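Q: Chain by chain, the residues run as shown.
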Amino acid sequence: MLGEGMLKGLAETAKNFAGSFVSKGRLTTVQYPEQRIAPIENTRDFPFLIFDGDDAMAGLRCVACQICEKECPPKCIYITKSADKKPDYVGKAQFYPTRFDIDISVCMSCQICVEVCPFEAIKMDTEFELSTTDRFGGLLLDREQLAKSNEYYNTIHPTEAAEVDARLAEEKAKTEAKAKAAAEAAAAKAASAAAASTAAAIEAPKTKELGV
Amino acid sequence: MSFFPFLDQIFVLLQHWIAGLFPVWLQPFVGTVVAVIGIVAAFPGIFAVTTVLERKGLGRIQNRIGPNRVGPMGLLQPVADGIKSLTKEDIVPLSADAVVHFLAPVLLVVAVFLGFAVLPVGRNMVLANFDAGLLFFFAIGASTELSIFMAGWSSRNKYSLLGAMRAVAQMISYEVPLLLSSVVVVMITGSLSTVKIVEAQGGFTGIFPHWYVFTPWGFAGFVLFVIAALAETNRSPFDLPEGESELVAGYFTEYSGFKFALFFLGEYLGMFSIAGFAITLFLGGWGAPFSFLTFVPSWAWFFLKLLGSIAFFIWLRGTMPRLRQDQLMNFAWKFMLPMTLLNLVVAGSWRFFGDGWLRWVICSAVLLAAYVLLGRTLMRKQHLGPRSYRYAD
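For the record, the sequence lines run as chains B and D.
Here the first sequence is numbered in the working numbering, starting from 1 and rising by one per residue.
Here the second sequence is numbered in the working numbering, starting from 1 and rising by one per residue.
Keep in mind the hints are simulated off the structure, nothing from the lab.
Don't take each hint at face value.
Claimed, not checked - Here are the simulated DSS-like pairs of lysine-lysine, each with C-alpha atoms no more than 30 Å apart in a straight line:
hint	chain 1	residue 1	chain 2	residue 2
1	B	70	B	81
2	D	381	B	8
3	B	24	B	8
4	B	15	B	92
5	B	189	B	172
6	D	334	B	8
This one's a predicted model, so the numbers in the text were calculated from it and none came from an experiment.
Kindly generate the complete structure, drawing on both the sequences and the hints.
A: Written out as structure tokens, the structure reads:
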């Protein structure tokens, strides 16, 4: 029939119009910022530093090895190593950064710093609403601003964080086992020394009996 | 008097009361001024609401929400648009004809407002009851083409000129079917007066009204009128003069700020006036759709029909793509013009068949057969496939 295509088109648009009021799938708009959708798990925006425990600076995992600073393509990371050392998450004395700056206006969210870090100290955040009226200073984050807890990391990347925590716990257990073995060896050595001195004491009375 | 007739005539009574505050010799003038103020207040108000309705309607058709940031549900968006138009810089090109450039939007808006004068928006609610109101309306409509060409010509811009030439060619081509489709109404009514045309459709058979759209020649005339009205007002699929991908914005490319707002207002007011005229000619004007609904005020019926037609135009805009220029012209001269001429013959012969069901059957059959035959003949001549181009050697 002539004009049939136009009637079909009108029916289609009428269906779209009515469907947008009753069907959730037809109206997919999310009214940001009043409504938000949760970011997907592997979302990455800008790096942040992880700390363990309650004190951010004491628990900071970063040992200022400066690998991320060297590997960063746009060179947005700046690190100054400390002169002294503090215990890390397994109790071993390590350097720490006295200064750790990331310029997020330069950062391109490539995640290379996360991939090259051997200490699981730097990870990607999902926070993206970082606009500020201070265009230069406001976008330069120091270590206090960058430090976030391991609990926060577990909330934004739960699967990845669980895997990292398992690996770190395994490393810590391995280190503690090694220390325990060393302690046992030292204790055994001390015990054998004591046994030797005891044997010497037993031999001494025999000499006295021969003298008598 | 009782409540519903009072509500029906509330604007007329208000006009008389205001006129009564003045001396007798001044009362006709004051009455006219009050009526003009009513028209100038009502239709730009409908224009403001329609901009939101259109954007929301198109948004929903495209699975979007539409404007909802300014005011509740975006209802204050026209206020924001108005402030934006008033605060934008009024740029006039250096090489443009400044006087003609300035006059074009003013003439357009004035001409469109004049068209509302002969539109009966309710019982006893017409500003100027001419004996030849229909002729006046179409004469005023033709003068809008003058202002459009003034805009395109005076801008000294190739895109504006091409847009203006397209617009004038389109409007002249579709004005012929528009006028001829309204001639059938004049033939049956026996008058060119818009008030008499509405009164002729005022009766009921049982509960059903005597609207002209419910007759074979009236239905065909109505469809042809609506198609031609879309072209006259540059609505999709006939918005080729404003094709953004080719001509920037057509004849008002070089207009900014308030002048652009005047063109925008003029276009929408033109749509309202011609939709109101279609309501007057074919849909009973301010008459109720059923006999048991005549207690509702007559002006409410007119404006409800107007909003319904606006919604239909928005629906069409969300549905139809834009026509090509050759399709546009061929459709006007090869399909609509023969159909309107045949409709004249059918309307003429309607009177000679006498009362009864026979004239309904014969007239419907003739129009339907002509529609199918003419449509198939014209479609058969279409060469659907890759186009062959002729390049300069």
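Q: It remains to establish, for every hint, whether it holds in the given structure.
A: Consistency of the hints with the structure:
1. A distance of roughly 14 Å separates the Cα atoms of residue 70 of chain B and residue 81 of chain B; the hinted pair therefore holds under the 30 Å criterion.
2. With a C-alpha separation of about 23 Å, the suggested pair residue 381 of chain D and residue 8 of chain B falls inside the 30 Å cut-off, and the hint holds.
3. For the hint pairing residue 24 of chain B with residue 8 of chain B, the CA-to-CA distance comes to about 23 Å; that is within 30 Å, so the pair holds.
4. Pair hint residue 15 of chain B plus residue 92 of chain B does not hold up; C-alpha atoms about 68 Å apart against a cutoff of 30 Å.
5. Under the criterion of a C-alpha separation no larger than 30 Å, the hint pairing residue 189 of chain B with residue 172 of chain B is consistent with the structure, at around 26 Å.
6. Note on residue 334 of chain D and residue 8 of chain B: the hinted pairing holds, with a Cα-Cα distance of about 24 Å set against a maximum of 30 Å.
The structure is inconsistent with hint 4 alone, although it conforms to all the rest.
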